[in-house]
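Protein chains: 2
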Amino acid sequence: GTLTEKLKGDEPDFNRKAFDDLIIRKMFVVPSFEIHGGVKGLFDLGPPACGLKAAMIDLWRKHFVLTENMLEMECTCLTPEVVLKTSGHVDRFTDLMVKDPATGECFRADKLLEDAIDDLIEKNPTMPTEEKEDHLRTQRQADAFSPGELDTLLTKYGCKGPSGEAYSPSFPFNLMFKTSIGPEGTSVGFLRPETAQGLFVNFRRLLDANAGKMPFAAAQIGNGFRNEIAPRSGLLRVREFCMGEIEHFVDPNDKSHANFPTVADKVLVLFGRDDQLGSGKTKKISIGEAVKSGLVNNETLGYFMARTQLYMEKIGMNPECLRFRQHLATEMAHYAADCWDLEIKSSYGWVECVGHADRACYDLEVHSKATNTPMVATVKFDKPQEMEVAKLKFDRKALGMVFKKDARTVSAALEALAESWKDFEPIATALEASGKTTVDGFEITKEMVSWEKTMKKVHEAKFTPSVVEPSFGMGRILYSLLEHSFYQRDMDEQRNVMKFNPQVAPQKCAVLPISSNPECNAAVDEIAAELMQSDLATRVDKSTAALGRRYARSDEVGVPFAVTVDFETLTDGTVTIRERDSMVQVRVPKKEVCNVVFDIVHQRTTWEQVTKNYPVVQVDEGDGTPAE
Amino acid sequence: GTLTEKLKGDEPDFNRKAFDDLIIRKMFVVPSFEIHGGVKGLFDLGPPACGLKAAMIDLWRKHFVLTENMLEMECTCLTPEVVLKTSGHVDRFTDLMVKDPATGECFRADKLLEDAIDDLIEKNPTMPTEEKEDHLRTQRQADAFSPGELDTLLTKYGCKGPSGEAYSPSFPFNLMFKTSIGPEGTSVGFLRPETAQGLFVNFRRLLDANAGKMPFAAAQIGNGFRNEIAPRSGLLRVREFCMGEIEHFVDPNDKSHANFPTVADKVLVLFGRDDQLGSGKTKKISIGEAVKSGLVNNETLGYFMARTQLYMEKIGMNPECLRFRQHLATEMAHYAADCWDLEIKSSYGWVECVGHADRACYDLEVHSKATNTPMVATVKFDKPQEMEVAKLKFDRKALGMVFKKDARTVSAALEALAESWKDFEPIATALEASGKTTVDGFEITKEMVSWEKTMKKVHEAKFTPSVVEPSFGMGRILYSLLEHSFYQRDMDEQRNVMKFNPQVAPQKCAVLPISSNPECNAAVDEIAAELMQSDLATRVDKSTAALGRRYARSDEVGVPFAVTVDFETLTDGTVTIRERDSMVQVRVPKKEVCNVVFDIVHQRTTWEQVTKNYPVVQVDEGDGTPAE
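Chains as they are written, first to last, in the numbering used here: chain U, -5 to 622; chain E, -5 to 622.
Keep in mind that the hints were calculated from the coordinates and are not lab data.
Take every hint as true, because none was put in to throw you off.
Just so you know, same-sequence chains aren't split out, so a pair can sit in one copy or run between any two.
Capping the alpha-carbon separation at 35 Å, the derived lysine-lysine pairs in DSBU-like fashion look like this: (1) K79 x K456; (2) K93 x K172; (3) K207 x K493; (4) K584 x K606; (5) K207 x K385.
Computed from a predicted structure; not experimentally measured.
Generate the whole structure from the sequences, applying the supplied hints.
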């Protein structure tokens, strides 16, 4: 996004060094193929991040797909060229690139400009505000300039390659990974840059599967691939990433949403386009008001924005670090009706993590046209409506002589237009004025067809649905959640905590014996087995490290509860359960541990309630015991 | 597999036409990019198959990863060339291909031979048994012949291309999809053909994450890609597929498994290599006995075979259609200790769906060697052991003069060997005999090092772990489960049922009003909302079709339970719950519906128990009402 505020780790509470160290050391995320030298922009998820991601996706499926009976699909990553040619990706899915002519090294031109302006401002702290504003305005538009404009600006800001030479002129570089499908080597394919196309091309089958009923949504979770020119910002700009996309198909003339009332009062932080160009300030406003006032284009778009906010809160994202930024008119595709990005604030600044776009009828129309496949839905009227139509009469002979086997295609195209006088009128006008016109690439003349404008009673109408598309960058959300979850007790570098909530925590419970006494170990095994039986991922730590150190280790990977078997357990059968963030402990009969943890994880009770049902134990953990 | 028995749909009970029709019509699986003409070997999963797959993977994770605390990772599909060069895939991941010289069309040579032999036998029903056996023996080895042998056989069996010309000589075709990573276009990458390599290259971090403890397992679920020469057999041989792989790292000198006793009595159907070459008959035998008798190489391998069998039974696979086939000596990689494929019988015959391979130390050794990264684990002895070692003395000057900056590498390599006299002895012998020898590619001479054979007390030993690898083809398992779940009531083509068990069923419950009466609809909505709240995917069918037809529709997508709101509901608040396969109905207060379904899905009760707790209703559904 062009409006990303660069925080550059100057958030006072965020200790990047400690965070990065924890992330790698605990194997949340590691560079892919590290021992072979690695590859820029590729990362592997290790065990705790895998568990976190699985829980995030499970909740996504329940929050979106299950609750609204969306039709989930899983389409392939390999995509033949014709599909991405049709969607526009082959021609337009590009970033502007420059090369250092001496070394051949490649760079993303807009990022060079952004960095040059940052540098300039940093080096001139006394720069007059007006001049600074001027530079910043240029910076914000960095990804909207033409190649020529960018070249001029790179020269103006004195950008030079690592070799010291000026950069090559900028040129568009297609970000899709290309391959060849089949043994002949003649069939070009790409790795999909997004998951949406698989849903669009299946529209007809999806509509059938939904018994022809509109509106409806399809959804897909899967990987996308982009050959980023210069991957950076850790997990935020990578070459292979997980997306969750929803395509909600809706009548373009009625974008209301039946469930909108359930979210109308939800207050969101909106950064509308006028505010971006004007005050620079966001607004807190209910989505109901935002739609009513026209700030957000329609109910369906607004509904999904609110549902996304609710999802983010559910997985434990800090609501103070969420905002919706509207695309500027210059940023949006020409066909789009309105776009709002959910941006999440991390140490890298505000980063777009979920797009919400009303893409109008663009996608279905291009695939329909390229394949000659009608991609329309039907709306049935409560009572028949009178409609102006054209009644056509063809001169079949004239048509046949000119178009041969295509004559049928031409007449069908005209019949389709004739279903509404509004659509046919331009053809009629042209034929009357000049005696000829073009329909679907065929030149027709006045001799071939005559018409009559008339009224017709119709019981239904066909239309190409509009698409409202919420598109989730799961990897970016995962990374942001890692940052939002990280803190240090008393700002102590040795006492890192990940405060995952029990729903998303990769492991739900740790079980620890206070001593290596065989009876203690047996009780630990028994409790762990029972937790596992209930599908609660459990971590057993029988190491001889001090208890405080073992608590600290489980805090680091965000385990919400730790159960300790001590000598009391052997006499009265009770154990302690410690809650990670408060470090409060309760004493619970060991037979009840599994139910307590299960009920909290499944939101049937709360920790607060548990502290009322069981005796709280006084424990001083303030010994600053480090994890390792 | 070469031993695939071709059933060619001649299973008496399997109606392929009805099955295929259902699969497409209900959008379980559809050809990818259909409206654009499709691509061979690429298929999309539609809503019911997506739900089924998500449930299968969830159970897989719980059955394998969670229960045994495996370390799950998610590595990238994009893989740089160096990694797959090291693993051997760049050089050896090939199938033999021939071309029709006139048309350029490509074919898999072994499959042409197999088909030619099938044809020959089919056309000669009176062929003497001995001659037939001879042809079949050739057929079974089809994928083991050299290019020259295959060419001779294709000529012998008169194989000709579609153009009528003889095929080109056969040549190896690499099955990996190639692409280029990064903007420079100079860095070759491939789409991974399996997920295992990502785990191998991360071995050191994984061992650390497991606190250095052995044995342990890593696991990964994700997509693999193979550019099949001639994809066929529907979903069984495709170009993009989901795999679940486990790499269990174990001491090569101790392949026992702590949990083996828990499965030792499990009886499996084994098709050992001797039986394949001899009787042609399988054996039913407990895995405990199979390991004890040496038929299965070791406990760890046997443990996973039994666990796989249990998983298959859990997801609802027909146990009669499962067998484990051992690889013939000629089939196995030279380094492998033993391999058993779980084969599942479908209408395409016996198809390998899960490999279980003891790959010895091959994978870690090649990556270690290629990257100069030690990939070893440590075993600590209970009491120190006396060990024969070599005590080395280097002439640092002599080493330095010859090897310069590599001197340290050479001395380290020698020190590593010296840790065990057994490993160092060949070096000593060679240096004594000829005064020089080669270590890790460096030629060393007698002047550089002297040694002494001595005894040393050691407390631990380092070793390269062996890998036992269960590798699941999730797509093949999914397809087999679809076939195993399909049946027709009374062999009636109109009454198709998918008998998914409640754990894997994509939708758990249907809710239907007997009339479009608003009170009925309100009750339906209330029940459906409560089910959804409990994360039970629910299908509401308010259409005006007859009740029997609506039941049939939900049977077709395998919904195990259907709740019907009728006029009694409005007076006494009870509804009926119908079980799909028995068609038995019980009458239950509507407030209890959610708990009943939840408890069955989570295996806290059974349908049988439910029929005892609630009154059974007599209903005659035998009207053969078709679904559509």
